[in-house]
Amino acid sequence: MPQPVCSELQRLERFLCLGKDSAVYHCQTDVSSQKYSSSDVQLVKAVLHLDNGGALAIGTILSFSRNGRAAVRHPALFALAVCARCGDQETKNGVYDALSDVCHIPTDLFYFLSQHVKVGELCDLDGRGWGRAIRRALSRWYLDNPDELQLARHVTKYPQRHRWRHLDVLRVAHIKTPRQNAALGFILEYIRHGLRPAKRRFRRQSVGDVADFLTAVKDVKSRSLDEGQLVSTIRTHRLNREHILTEWLSSPQIWKALLPNMPVMAMIRNLGRMTSLEILKSGSDEAAHVISRLQNRSLLMSARLHPFYLLHALRTYNNGHGDKGRLVWKPNSDIVKELELAFNQSFTFTEPTGQRFLLAVDITTTCEGCHIDPSTAAAVLAMQIARRETEFEIVYFTEEIIPKTIDASMQLTTVMQLMPGSTDPTHTSCDCSKPIRWALDGDKDFDVFIIFTSCRTVTNETNVMTTLLEYRQRFNTQHTKLVVVTMSNNDCIIGDDRDHFILNVVGFDINGLELINDFIRRMS
Numbered sequence: 001m002p003q004p005v006c007s008e009l010q011r012l013e014r015f016l017c018l019g020k021d022s023a024v025y026h027c028q029t030d031v032s033s034q035k036y037s038s039s040d041v042q043l044v045k046a047v048l049h050l051d052n053g054g055a056l057a058i059g060t061i062l063s064f065s066r067n068g069r070a071a072v073r074h075p076a077l078f079a080l081a082v083c084a085r086c087g088d089q090e091t092k093n094g095v096y097d098a099l100s101d102v103c104h105i106p107t108d109l110f111y112f113l114s115q116h117v118k119v120g121e122l123c124d125l126d127g128r129g130w131g132r133a134i135r136r137a138l139s140r141w142y143l144d145n146p147d148e149l150q151l152a153r154h155v156t157k158y159p160q161r162h163r164w165r166h167l168d169v170l171r172v173a174h175i176k177t178p179r180q181n182a183a184l185g186f187i188l189e190y191i192r193h194g195l196r197p198a199k200r201r202f203r204r205q206s207v208g209d210v211a212d213f214l215t216a217v218k219d220v221k222s223r224s225l226d227e228g229q230l231v232s233t234i235r236t237h238r239l240n241r242e243h244i245l246t247e248w249l250s251s252p253q254i255w256k257a258l259l260p261n262m263p264v265m266a267m268i269r270n271l272g273r274m275t276s277l278e279i280l281k282s283g284s285d286e287a288a289h290v291i292s293r294l295q296n297r298s299l300l301m302s303a304r305l306h307p308f309y310l311l312h313a314l315r316t317y318n319n320g321h322g323d324k325g326r327l328v329w330k331p332n333s334d335i336v337k338e339l340e341l342a343f344n345q346s347f348t349f350t351e352p353t354g355q356r357f358l359l360a361v362d363i364t365t366t367c368e369g370c371h372i373d374p375s376t377a378a379a380v381l382a383m384q385i386a387r388r389e390t391e392f393e394i395v396y397f398t399e400e401i402i403p404k405t406i407d408a409s410m411q412l413t414t415v416m417q418l419m420p421g422s423t424d425p426t427h428t429s430c431d432c433s434k435p436i437r438w439a440l441d442g443d444k445d446f447d448v449f450i451i452f453t454s455c456r457t458v459t460n461e462t463n464v465m466t467t468l469l470e471y472r473q474r475f476n477t478q479h480t481k482l483v484v485v486t487m488s489n490n491d492c493i494i495g496d497d498r499d500h501f502i503l504n505v506v507g508f509d510i511n512g513l514e515l516i517n518d519f520i521r522r523m524s
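Position 236 of the sequence shown, counting from 1, maps to 236 under UniProt numbering, and the rest follow consecutively.
Hints in this document: simulated from the structure, not taken from any laboratory.
Calculated pairs, DSBU-like style, for lysine-lysine (alpha carbon to alpha carbon, straight line, at most 30 Å): (1) Lys35 / Lys324; (2) Lys218 / Lys176; (3) Lys118 / Lys35; (4) Lys404 / Lys337; (5) Lys330 / Lys281; (6) Lys157 / Lys176; (7) Lys256 / Lys221; (8) Lys157 / Lys35; (9) Lys256 / Lys157; (10) Lys118 / Lys92; (11) Lys324 / Lys157; (12) Lys221 / Lys157; (13) Lys404 / Lys444; (14) Lys199 / Lys221; (15) Lys35 / Lys92; (16) Lys157 / Lys199; (17) Lys256 / Lys324; (18) Lys176 / Lys92; (19) Lys199 / Lys218.
Derived Cβ-Cβ restraints for the label pairs, each shown as a range: (20) Leu327 / Asp88: 50 to 58 Å; (21) Asp88 / Glu400: 52 to 60 Å; (22) Asp144 / Ala55: 20 to 28 Å; (23) Arg304 / Thr413: 24 to 32 Å; (24) Lys324 / Asn517: 24 to 32 Å; (25) Glu399 / Thr246: 50 to 58 Å.
Quick caveat: nothing in here was measured; it's all calculated off a predicted structure.
Where is the CB? At the ideal position from N, CA and C, for every residue including glycine.
Make a model of the complete structure from these sequences and hints.
Below is the structure:
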């Protein structure tokens, strides 16, 4: 049976997920600073050259964006920029129609524009690419916003990113001040000339709450308010942390004012800081607010908080100090309890895949270069499979395969005890073909093999592919998927990039679990 080969569309989907045309994801990589090459442009253009390729590419990008299928958004924004610069006119129109759907906030828009310029440089395109169609799309991003106050929040919360400012966008797009909407006109005048000229120009027109909001932001940044006035301004105008000068972020009263309107992910990220300022004491209104939000299942689901994120937050908060140890606090036991409950609930935030899994774990008690404890990472992966799927087996292996009985009722500590890791200092290599051979010998039919190891080296890479191909032939399918997670940062990669049913994860971080989930769903 021949080895399956990636189609152009499958390569694009993998690129949107991993940020590269490769079957390998390196954890702890800052994708936002990743530099794309002409080969990445060609990958997207290969889809554009297909029949109806423009609509296919844009539809795929929209699917990843709307459904949160990728751990980061930057590859999708780059791909959208390629479609805008290299597609036919129909494709370009499709990009501009989709721009507001993909670029939800100014940081997305600024990144898209930075890549729009970069693609032109990579392809040596004539002109700067600011034709009528893209200027119209950029105008719509600002002028078609149904909530002028929300636009004012975005303009002040995200004033610049990726070497772009709102003023730069207005200039390249030649965005004109609308006559029929004074509030929008006020915001654009504010971007161009500042608050005082905007007030002078629109002094005889009603601009709703926009002028009051922008005035409040200016006052907050001008250092003209005392603490009491600042607290009142934050509460009245629902200001965010990004609006506040750094010098005020050591004030408990400021954080009390910020908390009610803080996004849930930002709230969790700042639990330690707020506790260190003693505003999350047991019985306080602020602690009750935090607990209420952690108990809100729909809120946690909509924020797409996955198990590793919540576990990292739980452990950091319970430890009583940050990763660098500079900030210390005495954790609120009620909040610790709710974080633990939220972690356990988060396994049910995604639907079952309907696939048959074999998770094979070969870990050691120590792991050089690992950002997450191997036993914890393996246990969380096992818990997700056990709590979400109906058909699975979990085994531990070194020299021999040892089946482990893990079910949906087990807690993290119990699962970790079942997979304690090898203490043998000479155990530094892993033969990833063993679990597949075990399944072959036992005539066990699986859709997905996940091999999880913390060993420094992976042996018999060629034998792994030979065994996998034999397995596929035995069960008459090309679609058996293989995920190899090597916790130690090494260069031992299984398979090649042409086989789109293989994924290598090097290292492991809070995005690793989501990448594996998307890979399995995408290839099902």
